[in-house]
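Start counting the sequence shown at 1; every next residue gets the next number (full-length UniProt numbering).
One or more hints might be untrue.
Said to hold, decoys possible - Computed beta-carbon distance windows for the label pairs:
{"hint": "1", "residue 1": "Leu108", "residue 2": "Tyr61", "range": "55 to 63 Å"}
{"hint": "2", "residue 1": "Ala199", "residue 2": "Thr86", "range": "46 to 54 Å"}
{"hint": "3", "residue 1": "Ile31", "residue 2": "Arg209", "range": "32 to 40 Å"}
It is worth saying that the hints were derived from the structure and are not from the lab.
No residue lacks a Cβ here, since even glycine has one placed at the ideal position from N, Cα and C.
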Amino acid sequence: MSTTAARTGRTSAAAAPRSGSRPKRHYGTHIFLTAVAVMWLIPLGWSLFTALRPVASTNQYGYFSFAGDFNFDNFAQAWTQGGFATYFWNSVIITVPAVLLTLFLASLTAFAVSRVSWKFNITLLIMFTAGNLLPPQVLAAPLFEMAKHFEVPYSFSDSGNMLNTYIIVIAVNTAFQMGFCTFVLSNYMKALSADLTEAALVDGAGIWRQYREIIMPLCRPAFAALGTLQVIFIYNDYFWPLIFIQSGSRLPITTAINNLQGEFLSNYNLLAAGAVITVIPTLVIYLLLQRQFVAGLTLGSSKG
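Start from the sequences and build out the full structure, keeping to the hints where you can.
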C-alpha cells in the first residue's frame with residue numbers, strides 16, 4: 001500500500017505544473033491581431049495626416065512627405081464650406097429615434113420569441129433572421145414608389161407624400177435593422193434563467209411586468225452593445241437618405257462631403273478633413289461605451 005501511495009504521489013507531482021513555470025504566450029495571435037489593427041488604422045491615420053496639411057504643401061512636396069506646414073485650416077474650411085453643423089443635426093434627428101425605436105421593437109419581439117411559449121415563436125424568429133439576407137438595394141425601387149404614393153397633408157410634408165421627410169428614413173432604417181437586433185437579443189434572453197420569470201409569474205406578475213422589471217434590466221449590456229452598433233450603422237448610412245430625401249438641407253452628414261467637391265478639381269486635403277469630421281462622432285460614442293460594448297458581446301458566451 002505504501003508503494004502504491006508513493007507511485008501516486010510521484011505521478012501527481014509530475015502532473016502538477018511547476019510553480020516557477022510561465023504561462024504560454026500566444027505570440028502568433030498577438031502578431032496577427034497587431035497586423036490587422038495596423039491595417040485598419042492606416043486609412044484613418046492617412047486621412048488625418050492629409051487633412052492636417054495645406055494643399056500648397058502637398059502640391060509642393062507630394063503626399064508622401066513630411067515637409068511643409070501642419071495646421072487645422074482644412075477642418076475649419078470644411079466645416080464652413082460643407083455646412084456640417086446643419087447636416088450633423090439632420091443625422092441626429094434620423095439616428096436617435098431610429099436607434100431607440102429599433103431597440104424597443106426588437107426587445108419586444110425577442111421577448112415574445114424567447115421567453116414566451118406559443119405556436120409561432122420559432123417561425124417569427126426565422127422570418128426576422130431571414131430578413132437580414134435580403135439586400136436593401138432590391139427593395140429600393142418598391143419602397144420609393146410606396147413613399148411617393150403615400151399621400152399626407154402638405155402641413156406634414158412639403159411634397160405631399162412621404163418623400164423628403166425624416167420619418168420615411170427612420171422607418172426604413174428601423175425595419176432593416178430590427179432583424180439583426182431581434183436575433184441578438186433573443187439569443188441573449190434565452191441565456192437568462194427561466195426561474196426568474198417563473199418566480200415572477202407565481203407572484204402574480206404579468207407578461208408586461210416581467211418584460212419591464214425583470215428582463216429589460218438584465219439586458220442592459222446587450223442593449224449597450226447593440227446601441228453602439230446601431231448608432232454606427234444608421235449614422236454612416238448613405239443609401240437610404242440619398243433615395244428618399246431630395247432637399248439638400250435635410251440630408252445627413254454622410255452627404256456633406258459632396259459639398260466639398262470641386263466642379264473640375266478636387267482638394268483632397270479638404271475632403272480628408274471632411275471625412276475625419278464625419279468619423280469623429282462615431283469614434284467618441286464607441287470610446288465612451290467601449291466597456292459596455294465589450295461586456296455586451298462577451299456576456300453569455302460561456303453560458304450553456
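(request) Using the Cβ atoms, figure out if Leu108 sits within 55 to 63 Å of Tyr61. (result) 58 Å, holds
(request) Hint says 32 to 40 Å; check whether the CB-CB distance for Ile31 and Arg209 agrees. (result) 52 Å, violated
(message) Within 46 to 54 Å: is that where the Cβ-Cβ distance between Ala199 and Thr86 falls?
(response) Hint holds: Cβ distance 52 Å, inside 46 to 54 Å.
In summary, the structure is inconsistent with hint 3 from the numbered list given earlier, while agreeing with all the others.
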